[in-house]
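Those protein sequences? They're chains A and B, same order as listed. Those letters in the first sequence? Residues 1 to 237, per the UniProt record's numbering, in order. Those letters in the second sequence? Residues 1 to 243, per the UniProt record's numbering, in order.
Derived from the structure by calculation, the hints contain no laboratory data. Glycine is no exception: its CB is placed at the ideal position from the N, C-alpha and C atoms. Check the hints yourself; a few may be wrong.
[Claimed, not checked] Cross-link-like lysine-lysine pairs, in silico, DSSO-like; alpha carbons within 30 Å at most: (1) K226/A - K210/B; (2) K114/A - K98/A; (3) K82/A - K81/B.
[Stated by the list, open to error] Listed next, with one range per pair, are the computed distances between beta-carbon atoms: (4) I134/A - T111/B: 29 to 39 Å; (5) S90/B - D165/A: 46 to 56 Å; (6) A217/B - I134/A: 43 to 53 Å; (7) E73/A - S90/B: 52 to 62 Å; (8) K30/B - V72/A: 47 to 57 Å; (9) T91/B - E95/A: 42 to 52 Å; (10) P6/B - E74/A: 10 to 20 Å; (11) E224/B - G154/A: 26 to 36 Å; (12) A145/B - E211/A: 35 to 45 Å; (13) P128/B - L143/A: 55 to 65 Å; (14) A217/B - S171/A: 14 to 24 Å.
[Stated by the list, open to error] To give a feel for the contact side, a few chain B residues facing chain A, derived at Cβ under 10 Å: (15) L17; (16) L60; (17) R64; (18) P153; (19) L178.
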Amino acid sequence: MDISDILQDLNHDRDPFADDDYNDSRPSGQTDLQALTRAWINERGAAELLPYPKDNLIERATNRIKAQIEKVEEMTGDMDPKTNFSLIIIQTEVERWKFIIRSILRARIAKIDKHTLYYLSTPELQTRLSETEIAYATRHQQLLHGHYLSSFLGSFPQQLQNLNDTAGGISMIGGPDEEGGVFVRSLGSSEIGGEGVVVRGRGRDGDGEVEVARGEVVVARWADVKEVVEKGEMELV
Amino acid sequence: MALPLPPGLTPTEVAFLCEMEMVTVVPRQKLESLDLLAGATQPLRPPHRVPLPLWLALLLKRQRRANILPPPWLLPASLDKILKHETEISTETFSPPPPHPYAVSVLPSATDHISPPFLPSSTADSPPDYLPYHWLELGEILLDACSDDIPDPDRVRTLLRDLREVRMAKMRASTKDLEGGGISSLRGVGAMEVAEGREFMVGVMDGLRKLGASREAARREREEDEGGGAGQGDSEDEDMELE
């Protein structure tokens, strides 16, 4: 399955005109770049871990990069100065894509590191992580727990050794601050012909709904806009 | 491994993002079409103008293979007009952003949800009277890399600095709106301004929220009691909550 996917990708990349064919269900490179950039900015902007990018975006981008690097390796064979400059351009672009992917994944790891137990605590939260990320988080938590046990937890009485107590109505598992302020831009309603996005903002002296016009940037609490960001009607900036 | 940065793009990341903006280039040398990851580029044939992403345009410029056409809004006359708008007409808010180049139609299309840096707001045929989202970074980068392509670069530099100062004052003043929470609009704000102001604005917001938390909770409780006791809410807010 993987091999055929990659092969299909390769064929796809060979034919630049296929990108403009809107009957083609495979996203074009430009669409992928836009989706990747948006995923990057959103992930960098939110204090909370966002769902792992949908539709194998990261895998698809990685495959594109792999194919491009192979092409560069083939082209390095004939070293005439003209192709040399084209190579520099192609490699610069590859580095830019790699930077975005790395930045997304590293931002995610930072969030997982910070609140490992929180993201592992419910099945619903676990769906936001990719398989590798779950493996990473589990292992990270195991190591940490082992370290705590051997350094101090082990000498506590049995009933005080838990790391996920909810005694006294307060959970020991801390999560990210969902009420923190964020800058968001409205992308327009996803309803057909819709223009603005209606957001319900909660304030100190009153709550109210505000329509945010397409392209407008506003400051809001993350919890108020989280839903529309996940729906793709708004993006963080 | 993990990224040791606080939430939100840093100014250098914003500059990286800005390099994805499209600019118009006048090639000085031939270059065949390149099969890039983001799609094939148009072949360069002097003296035909071609739109290219800024990072590629800068690469060509540095090797003297092309000239960059400054966007119309970066010309002294346009900046003058915008500055006048910022200081005389809308003294409290930012000047309006450029209108979205792709209107929403009845049929959903791929361009409906495109946002900067992928909108053509800095090519040679972009509107002259509006500052696009990446105005400050783009202006600085172009002044730095190709001041020989920009008419009267010193004047442009001064105007950019004036605009920046006027708008920074507005950004600071906008923190007053943050006091009661809710949604505050920053229509027309630029990317670099967001990146610079983020820490301060979010800090103010979070601080005020924590100070007002008990008041907010008390109000919520009161509204809930009233709504439950009377059976129907008498304010709009409660009506919406019931929905």
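Hint check for D165/A and S90/B - Cβ pair distance inside 46 to 56 Å: holds (55 Å)
Starting from the range 47 to 57 Å, see whether the pair K30/B and V72/A falls in it by beta-carbon distance. Given range 47 to 57 Å: violated, Cβ gap about 21 Å.
Given the range 35 to 45 Å, decide if the beta-carbon distance of A145/B to E211/A lies inside it. holds (40 Å)
E74/A and P6/B - C-beta distance against the hinted 10 to 20 Å: About 42 Å separates the Cβ atoms of P6/B and E74/A, which means 10 to 20 Å is violated.
Status of the L178/B interface restraint (C-beta, 10 Å, chain A): The hint holds - L178/B has a Cβ within 10 Å of chain A, the shortest such distance being about 7 Å.
Does L17/B meet its interface restraint, that is, does its C-beta lie within less than 10 Å of any C-beta in chain A? holds (7 Å)
Is it true that A217/B and S171/A lie within 14 to 24 Å of each other by Cβ? For S171/A against A217/B, whose Cβ atoms are near 19 Å apart, the range 14 to 24 Å holds.
Report holds or violated for the interface hint on L60/B, using the least CB-CB distance to chain A and a cut-off of 10 Å. Holds: closest Cβ of chain A sits about 9 Å from L60/B, inside 10 Å.
Hint validation: R64/B versus chain A, beta carbon distance must be below 10 Å. Holds or violated? Violated - the Cβ of R64/B stays beyond 10 Å from chain A, reaching only about 12 Å at its closest.
Cβ-Cβ distance between T91/B and E95/A: within 42 to 52 Å? holds (44 Å)
Range hint compliance [Cβ, A217/B to I134/A, 43 to 53 Å]: violated (36 Å)
Pairwise beta carbon distance, I134/A to T111/B, judged against the given window 29 to 39 Å: With Cβ atoms ~36 Å apart, the hint holds.
When held up to the earlier numbered hints, the structure conflicts with 3, 6, 8, 10, 11, 17, 18 and fits the remainder.
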